[in-house]
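Protein chains: 2
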Amino acid sequence: MRHTRVKDLLNSTNTLHEVNAKGWVRTFRNNQFIALNDGSTINNIQCVVDFENTSEETLKRITTGAAVSVTGDLVESKGAGQKYEIQVKKLEILGDSDAEKFPMQPKKHSLEFLRENAHLRVRTNAFGAIMRVRSVLSYAVHSYFQQKGFVYVNTPIITGADAEGAGEMFQVTSLPLDNLPKNEEGNIDYKKDFFGKHTNLTVSGQLEGETFAMALGQIYTFGPTFRAENSNTSRHLAEFWMIEPEVAFNNLNDNMDLAEDFIQYVIKYTMEKCADDLKFLEGRLLEEEKSKPQAERSEMALLEKLNFVLENNFKRVSYTEAIDILRDSAPNKKKKFQYIINEWGADLQSEHERYLVEKHFKSPVILFDYPANIKAFYMRLNEDGKTVRAMDILFPGIGEIVGGSQREERFDVLVEKMKVLGIDEEELWWYLDTRRFGSAVHSGFGLGFERLVLFVTGMTNIRDVIPFPRTPQNAEF
Amino acid sequence: MRHTRVKDLLNSTNTLHEVNAKGWVRTFRNNQFIALNDGSTINNIQCVVDFENTSEETLKRITTGAAVSVTGDLVESKGAGQKYEIQVKKLEILGDSDAEKFPMQPKKHSLEFLRENAHLRVRTNAFGAIMRVRSVLSYAVHSYFQQKGFVYVNTPIITGADAEGAGEMFQVTSLPLDNLPKNEEGNIDYKKDFFGKHTNLTVSGQLEGETFAMALGQIYTFGPTFRAENSNTSRHLAEFWMIEPEVAFNNLNDNMDLAEDFIQYVIKYTMEKCADDLKFLEGRLLEEEKSKPQAERSEMALLEKLNFVLENNFKRVSYTEAIDILRDSAPNKKKKFQYIINEWGADLQSEHERYLVEKHFKSPVILFDYPANIKAFYMRLNEDGKTVRAMDILFPGIGEIVGGSQREERFDVLVEKMKVLGIDEEELWWYLDTRRFGSAVHSGFGLGFERLVLFVTGMTNIRDVIPFPRTPQNAEF
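Line by line, the protein sequences give chains Z and A. Okay, so the first sequence: first residue is 0 according to numbering that gives the first Met the number 0, each after it adds one. Okay, so the second sequence: first residue is 0 according to numbering that gives the first Met the number 0, each after it adds one.
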């Protein structure tokens, strides 16, 4: 007899004769009530065991974490909180779980302890919900772009190009480190390495993505990217997933429209598909915040915050306006900022971004037209000669969630900029080809997927929204 | 005025006043007819230039590869082969393309030359089609699993676990190779490396995926995997994308059903969405095969072959039956095989797999129940004590496209097997936890995504179905 998923049993429109469910015991009360979960939903199904006709030995083996198969009728539940339950006729223990040793006890564990047990934390309500939400959000990303005719492009993970300078890179090698081959000059002979050259893990697929956008029109990437930066913060991972759309003929305004529409779509989609999980996560967050002083608690509950993003346009503010606002702000005047904003040209720190988003505008903000010298070489220079067509999207509680720009499409201007910055033209010959042959205005952005998952789940540490986080000194599993 | 995609113009249900299209010139005939492509479809739109009222200078700049914007009326075409064309009223050159220098000339290029220009080959008909098909196939993968309630899991790319032994691994490090830190014993001090240990690029997400399946029930991965193997063949890449579903409570038969249903779904989906591209690729293949001797040509045209896979069940054959068939086969008796099959236990080579699929069964084949000693440690031992519940799916022209198994769910049997093979229990403590706590029957498989793209596009070299192939001595772009 084929088993039925718990989600389908709970969503049944009528009682059913003889069903089979398989899953893991969450709790077992009064020698009678199993709360059974199979991962298909955050909700457990109650299985009522006929304890008088079940052997003592079997009852003892119904422990938290044990895998069981139950067969019986799906009947209306007399208990509160559930419509249906299974009146168990046959129970089989598939796999035991020693109650003393199973690390996921039915009690509250610290997030730190759960991270050390990343292979088991997904058996808890919270992490089951987070991982389902993450999965649905991923699918929403693909759905959005595919519906609009974008082509999904897998840009390379191992790359010989390290010119972008988006961050520190990990080296990839098949050379024996304890016996490195040397060339005549006594340097490491990378000709003997697997790819015949020095290679790294990608920090962004943008440059390769641009070459595809200039042929296919609208493309997006969605893959892992890497930073070898020693940042032990709640917002950084060494390995994270990034979404990078790139669109030929889009200018910066089109780019902002796309980013806003995209973010609203994926949040809306996920709210529709993951209502139960998000409701649970909202409750979890409220509970957690009870221990915080009133001033540090969120002004909005999780679902209210998500709805707010759907219902309000992102505030579009130029860098120059933002500097004026910050310069005149109370924390700047009272020298409460760690970095005081004195003049135009200053790079914005996260304290400034948070002020703009959380205090001043109280909404997601798109900052645009940044000073050229604090942004990357490939961004389109404005006619003023000092700002570039860059944009960052800032979210409450998260900070920067999107960074993008209109790209410099003019060959001469781009080459001149690369020269000034000492970026090797020969290494990026293929990138420059897009400007040599049939160049055109185009734009794109990068969105750090885990930051989006953080926002949607209401979690506060990025290590809790990816299955197996990679951070300094940690690559377990 | 916002431009309209070429695909939408060609699919228009009526003529239109004043439209704008942007794209790249494929050809320019008779100083009058631009074939314009924007990547949204394999089909070009014909743009008729009013050459008598266009300056000589502008006409000269309408060259293959140039980016242009055309505005005019969408009218019924007088020419053959297209329903609509644009009667151009206004033409703007967005980006020139020097006809002498543009590498993608309107003529046939060798696949090798195109690989060296992977950033531009996507501007050809064939590679535009391949990349659109690849994208739609990717989406079909996600659609299939999400509809069935599977959870998408991003297993780690950088891993500290190297016990699986699926193949040679690339090392990932942030240590300075020209100045490696040493410990007291004079060995490389990996405690000083980014993750505090020796790390590699993943060869498979299966083991981590299993831990999630034992909580969420049904999961799948779809991400890059790596092999540092010096295989310069048309079927191997150093970096490729793999799909790995894993399902709790599935046995090997369920696993076969899933794999077959999944493959049929994604092929059907792609045939529906990519009819134009596949028709083009079918024609391309027919053309290419004309230069081959009759005996080497495909027996079926591309679409016929794809339909064959949809309409026929995959033939399920045990390893033992396969050995009998091979032992009695003509090429074995006539010693035409390079490796003669004499007895049960022999590992099958690709010549044997091809014989079974292409000559004997003439259909996709699922081989199952392999000898334990030629398969991985985690596969479920059969009651005969000498075979394991493994399965490989073999496709015509491709060879192995899927490898999977029912997993060994019994703690003691698994640990014993690991001991025999010298696999460190302590390193896989987390994997063994799935068998310590609530173990259950479960199964999964891995499908090499590029091999699927090869099959669906009818291409013959795997380097031609991924945007930027990574192979020995090649990590350009």
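One should not assume that every hint holds.
Which copy is meant is left open, so a pair is good if it fits within one copy or across any two.
Calculated pairs, BS3-like style, for lysine-lysine (alpha carbon to alpha carbon, straight line, at most 27 Å) [stated by the list, open to error]:
id: 1; residue 1: K196; residue 2: K181
id: 2; residue 1: K147; residue 2: K82
id: 3; residue 1: K416; residue 2: K374
id: 4; residue 1: K100; residue 2: K418
id: 5; residue 1: K191; residue 2: K374
id: 6; residue 1: K333; residue 2: K418
id: 7; residue 1: K196; residue 2: K272
id: 8; residue 1: K361; residue 2: K147
id: 9; residue 1: K278; residue 2: K291
id: 10; residue 1: K100; residue 2: K416
id: 11; residue 1: K181; residue 2: K272
id: 12; residue 1: K147; residue 2: K6
id: 13; residue 1: K361; residue 2: K332
id: 14; residue 1: K278; residue 2: K147
id: 15; residue 1: K289; residue 2: K418
id: 16; residue 1: K88; residue 2: K191
id: 17; residue 1: K107; residue 2: K334
id: 18; residue 1: K190; residue 2: K106
id: 19; residue 1: K196; residue 2: K88
id: 20; residue 1: K181; residue 2: K191
id: 21; residue 1: K147; residue 2: K267
id: 22; residue 1: K77; residue 2: K418
id: 23; residue 1: K6; residue 2: K335
id: 24; residue 1: K77; residue 2: K385
id: 25; residue 1: K82; residue 2: K196
id: 26; residue 1: K267; residue 2: K278
id: 27; residue 1: K416; residue 2: K314
id: 28; residue 1: K147; residue 2: K190
Note that these hints are calculated values from the structure, not bench results. Note that this is a predicted model, so its numbers are computed, not measured.
Against the structure, the hints:
1. K196 to K181: both (13 Å within a copy, 25 Å between copies)
2. K147 to K82: between (40 Å within a copy, 24 Å between copies)
3. K416 to K374: This pair counts as within: shortest intra-copy Cα distance 12 Å, inter-copy 55 Å.
4. K100 to K418: The answer is between: 23 Å across copies meets 27 Å, while 62 Å in one copy does not.
5. K191 to K374: For K191 and K374, the Cα distance exceeds 27 Å both inside one copy (36 Å) and across copies (32 Å).
6. K333 to K418: Classified as neither: same-chain Cα gap 42 Å, cross-chain 67 Å, threshold 27 Å.
7. K196 to K272: Neither: 46 Å inside a chain and 40 Å across chains, both beyond 27 Å.
8. K361 to K147: So K361 and K147 fail the 27 Å test inside a copy (31 Å) and across (39 Å) alike.
9. K278 to K291: within (21 Å within a copy, 63 Å between copies)
10. K100 to K416: between (61 Å within a copy, 24 Å between copies)
11. K181 to K272: neither (57 Å within a copy, 52 Å between copies)
12. K147 to K6: Between copies only: 12 Å across, 31 Å inside.
13. K361 to K332: within (20 Å within a copy, 80 Å between copies)
14. K278 to K147: Intra 30 Å, inter 23 Å, cutoff 27 Å: inter-copy only.
15. K289 to K418: Answer is neither: 55 Å inside a copy and 50 Å across each miss the 27 Å cutoff.
16. K88 to K191: neither (66 Å within a copy, 58 Å between copies)
17. K107 to K334: Classified as neither: same-chain Cα gap 41 Å, cross-chain 67 Å, threshold 27 Å.
18. K190 to K106: Intra 56 Å, inter 35 Å, cutoff 27 Å: neither.
19. K196 to K88: For K196 and K88, the Cα distance exceeds 27 Å both inside one copy (65 Å) and across copies (51 Å).
20. K181 to K191: Close inside one copy (9 Å) and across copies (23 Å); limit 27 Å.
21. K147 to K267: Intra 17 Å, inter 21 Å, cutoff 27 Å: intra and inter.
22. K77 to K418: neither (76 Å within a copy, 51 Å between copies)
23. K6 to K335: Neither, since 51 Å and 55 Å both go past 27 Å.
24. K77 to K385: neither (71 Å within a copy, 51 Å between copies)
25. K82 to K196: neither (63 Å within a copy, 51 Å between copies)
26. K267 to K278: within (14 Å within a copy, 37 Å between copies)
27. K416 to K314: Answer is neither; intra-copy 31 Å and inter-copy 60 Å both fail.
28. K147 to K190: Classified as neither; 43 Å inside a copy, 48 Å across copies.
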